[in-house]
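Undergrad: Below are the chains, spelled out letter by letter.
Number of protein chains: 2
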Amino acid sequence: MNYLSLTPEELKIEKEKAEREYRTHCTRGLSLDLSRGKPAADQLALSMPMLTEQADEFRAEAGTDCRNYGILEGLPEMRRLFSEITGIPAANILACGNASLNLMYDSVARAMLYGVVGSPRPWGREETVKFLCPVPGYDRHFRICESLGIDMISVEMNENGPDMDTVEELVKDPAVKGIWCVPKYSNPSGITYSDDVVTRLAAMETAAPDFRIFWDNAYVIHDLYNETDPLADIFALCKQHGHEDRVFYFTSTSKVTFPGAGVAMMAASDANLKQILPILGTQTIGFDKLNQLRHVRFLKNAENTAAIMRGHAACIRPKFEAMLDILEKELGELGIAKWTKPNGGYFISLDLPNGCAKRVYELAKAAGVTLTPAGATYPYGRDVRDHNLRLAPTFAKLNEIQDATAVLCCAVRLAAAEKLLSDRA
Amino acid sequence: MNYLSLTPEELKIEKEKAEREYRTHCTRGLSLDLSRGKPAADQLALSMPMLTEQADEFRAEAGTDCRNYGILEGLPEMRRLFSEITGIPAANILACGNASLNLMYDSVARAMLYGVVGSPRPWGREETVKFLCPVPGYDRHFRICESLGIDMISVEMNENGPDMDTVEELVKDPAVKGIWCVPKYSNPSGITYSDDVVTRLAAMETAAPDFRIFWDNAYVIHDLYNETDPLADIFALCKQHGHEDRVFYFTSTSKVTFPGAGVAMMAASDANLKQILPILGTQTIGFDKLNQLRHVRFLKNAENTAAIMRGHAACIRPKFEAMLDILEKELGELGIAKWTKPNGGYFISLDLPNGCAKRVYELAKAAGVTLTPAGATYPYGRDVRDHNLRLAPTFAKLNEIQDATAVLCCAVRLAAAEKLLSDRA
Chain A
4 MNYLSLTPEE
14 LKIEKEKAER
24 EYRTHCTRGL
34 SLDLSRGKPA
44 ADQLALSMPM
54 LTEQADEFRA
64 EAGTDCRNYG
74 ILEGLPEMRR
84 LFSEITGIPA
94 ANILACGNAS
104 LNLMYDSVAR
114 AMLYGVVGSP
124 RPWGREETVK
134 FLCPVPGYDR
144 HFRICESLGI
154 DMISVEMNEN
164 GPDMDTVEEL
174 VKDPAVKGIW
184 CVPKYSNPSG
194 ITYSDDVVTR
204 LAAMETAAPD
214 FRIFWDNAYV
224 IHDLYNETDP
234 LADIFALCKQ
244 HGHEDRVFYF
254 TSTSKVTFPG
264 AGVAMMAASD
274 ANLKQILPIL
284 GTQTIGFDKL
294 NQLRHVRFLK
304 NAENTAAIMR
314 GHAACIRPKF
324 EAMLDILEKE
334 LGELGIAKWT
344 KPNGGYFISL
354 DLPNGCAKRV
364 YELAKAAGVT
374 LTPAGATYPY
384 GRDVRDHNLR
394 LAPTFAKLNE
404 IQDATAVLCC
414 AVRLAAAEKL
424 LSDRA
Chain B
4 MNYLSLTPEE
14 LKIEKEKAER
24 EYRTHCTRGL
34 SLDLSRGKPA
44 ADQLALSMPM
54 LTEQADEFRA
64 EAGTDCRNYG
74 ILEGLPEMRR
84 LFSEITGIPA
94 ANILACGNAS
104 LNLMYDSVAR
114 AMLYGVVGSP
124 RPWGREETVK
134 FLCPVPGYDR
144 HFRICESLGI
154 DMISVEMNEN
164 GPDMDTVEEL
174 VKDPAVKGIW
184 CVPKYSNPSG
194 ITYSDDVVTR
204 LAAMETAAPD
214 FRIFWDNAYV
224 IHDLYNETDP
234 LADIFALCKQ
244 HGHEDRVFYF
254 TSTSKVTFPG
264 AGVAMMAASD
274 ANLKQILPIL
284 GTQTIGFDKL
294 NQLRHVRFLK
304 NAENTAAIMR
314 GHAACIRPKF
324 EAMLDILEKE
334 LGELGIAKWT
344 KPNGGYFISL
354 DLPNGCAKRV
364 YELAKAAGVT
374 LTPAGATYPY
384 GRDVRDHNLR
394 LAPTFAKLNE
404 IQDATAVLCC
414 AVRLAAAEKL
424 LSDRA
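Chains as they are written, first to last, in my numbering: chain A, 4 to 428; chain B, 4 to 428.
Don't take each hint at face value.
[As the list claims (entries may be wrong)] For the chain A half of the interface with chain B, some residues (derived, Cβ under 8 Å), not all of them:
1. G263
2. P321
3. A325
4. L337
[As the list claims (entries may be wrong)] Derived lysine to any residue pairs resembling SDA-like cross-links, with alpha carbons at most 25 Å apart:
5. A:K277 x B:L116
6. B:K277 x A:G152
7. B:K368 x A:G152
8. B:K277 x A:R143
9. B:K400 x A:G73
10. A:K303 x A:T285
11. A:K15 x A:S34
12. A:K18 x A:T30
13. A:K303 x B:L116
14. A:K341 x A:D142
15. A:K344 x A:A309
16. A:K277 x B:K341
17. B:K277 x A:G127
18. A:K303 x B:Q57
19. B:K15 x B:K277
20. A:K368 x B:T67
Treat the hints as calculated values from the structure; they're not laboratory data. For clarity, every value in this text was computed on a predicted model and none was experimentally measured. We treat Cβ as the ideally placed atom computed from N, Cα and C, and that holds for glycine.
For reference, chain A alone in the conformation it holds in the complex (with noise of 0.2 Å):
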């Protein structure tokens, strides 16, 4: 059965089974969430070793008193681990604090108050200043523009990753200084980008003198399965073209170890060091080093972190799988429901008929199904199709996520015999 093809009379019957279920839903008392991209329990329990293992252990390599004051640019063997899992030398590498959003944050902050290397003036002094957001895309990107007062722009993404023609195009605006990308399975779609993608973002040529990609690799070992989504290196081919001081990378271990008390890096050319680390060094003495020296001990290598990371998949594989299954089963040959199938990442993402994402939002919601708000997807959380609805399906316990997926697939019939019943009225 597909609903587009079912006659008025038909879809009624659909709406008001739908209801029905709906209504047994709702007498439930259910109280579940997929709203955020949180770690379960199981999987922090993964990284346990690391609080109590030689617990009072303070020096690192070098000899250095981790717990006194130094070394901003972090300890040298947590830049190097970072270097081993990105690909990216050490020296360009900065290990910090417990978020890299605080690093995006500073990095766009700091930008508009002392511009970037390149820039003729702040940020801040410019007339408009604007960014380019690959849609649906990460919220809390969103917010960093709006908040700094930066206009989006959305550009549409493809399996490929952001629609590059109308990337190129827009560029040669002087204002657009910047694009928002979290190039591996990407928040919340899960697609990787395409070689053909990364290439022609570090080789295009952009109308400012200083534009930037936030190059969020949040999930670059966060993978479901043994294979990997390959993932062109940015960071070598911005060099390659000429290019080396467009790209800010960023990463952490938030979801390796714990997403409160991880570690973050921040990668960047030499140039671009040499621009940040004297206002960085204005604005902290050093990052937490006892939390890196944990970290590396514990993690030890990239080799060893992959391991970790395949006790994460472990985890949250089961998870994905049975809300797929659930999508499948319930949606699956009704032609009003398309979803991603990621291969990593915290995320799948959802899009329906037009008009129906604030509704299936409001239906779960009354049913005690917590969901991201309709709209968060998108600059301003403006979804102007009001389409797509981002599902999280790694924080709660697999019983749970299995009911939460069928109060939202019997939402999203309901939703969507409501819609095409208007429309046709």
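Take the given structure of chain A and dock chain B to it, following the hints.
TA: This is chain B only, laid out in the frame that chain A set:
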């Protein structure tokens, strides 16, 4: 003997004596550092149980899993502990990351980008923003202003704090938006602001509607003796005088537990927090709650924290006293130097004849003793009288402090004799 009453011939003899002594020091191959206010290893050892005892604890008192995301304001129990220590209501306190300097920089940067409560516009949109800088003061405060393009106006410190007649005059200029204060055991003079000074700061009329006191109470409980220097409650006084939004209050556990891995706090009025929190929530999802939990479990309450601080005092008091003894013995009667005798904090401030500070710094350096650079205690690193040096007697070992102070005193005698002779020539 007082250098000032010596004949040129007598002075010359003193100078030659100092030169001989100095040459002997230079042959000793010393490598000593009195430059930064860092706790020594025996102090850091006091807090090691924090890392090892129940290292696997991750539940806060409300059941929060501290490993995961969330709680922007910091753990309630950590805010409560800071409240006990400072007397400020917990609701006005944020428990944050590892560095109060970071909170101070961010607070000024935020004011530049967004303004503060009461600002007609962001400070960055003003033609000029000026800060009052009590001198001698803390170099890192001054660097924040310099980095962000804020003009600094020096205000002399006296034994009660900044000269309030001057302050009250200067704040009639609406471009004067702030003042830096280290109100207790001030960096570097060690003095504590009198009740009158604190009250006048809270009560004074300022032309700027958005004037802020940056109250860096870094040494809030950092007494050297059982007696503490009493400090009036700026937070309560500002409220009492109808200026409750005036103060941004900072402190941290950097010199209670670990300088590199402590917990910093910021306190501000309800209205200030209402403006700040949405911006902070754009910058980060939350600070390291595991480290906050570690702290509150170790420090427990204000009383237990005071006991730990007595342990710190026992470590560093002999170093302060050794330095003061040598200064007194070597320079006490010569009429060429004055220094502070603090009851707490991390520094001794040394005043020399005008034009001698750089020379003493260079002489000490050449003999293997690193001091904080001359001028560092003044905005832009410019001590126009070239007369002040900051001494930090905590990090080095006791015998090193003794050696270094002896070298310093010799350098002071040599530089002063040179200066007096050249002044008379």
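Undergrad: A separate judgement is required for each hint: does it hold in the structure or not?
TA: Results for each hint:
no., hint, verdict
1, G263, "holds (5 Å)"
2, P321, "violated (20 Å)"
3, A325, "violated (22 Å)"
4, L337, "violated (35 Å)"
5, A:K277 x B:L116, "holds (23 Å)"
6, B:K277 x A:G152, "holds (19 Å)"
7, B:K368 x A:G152, "violated (49 Å)"
8, B:K277 x A:R143, "holds (19 Å)"
9, B:K400 x A:G73, "holds (19 Å)"
10, A:K303 x A:T285, "violated (31 Å)"
11, A:K15 x A:S34, "violated (29 Å)"
12, A:K18 x A:T30, "holds (19 Å)"
13, A:K303 x B:L116, "violated (40 Å)"
14, A:K341 x A:D142, "holds (21 Å)"
15, A:K344 x A:A309, "holds (22 Å)"
16, A:K277 x B:K341, "violated (40 Å)"
17, B:K277 x A:G127, "holds (24 Å)"
18, A:K303 x B:Q57, "holds (23 Å)"
19, B:K15 x B:K277, "violated (65 Å)"
20, A:K368 x B:T67, "holds (23 Å)"
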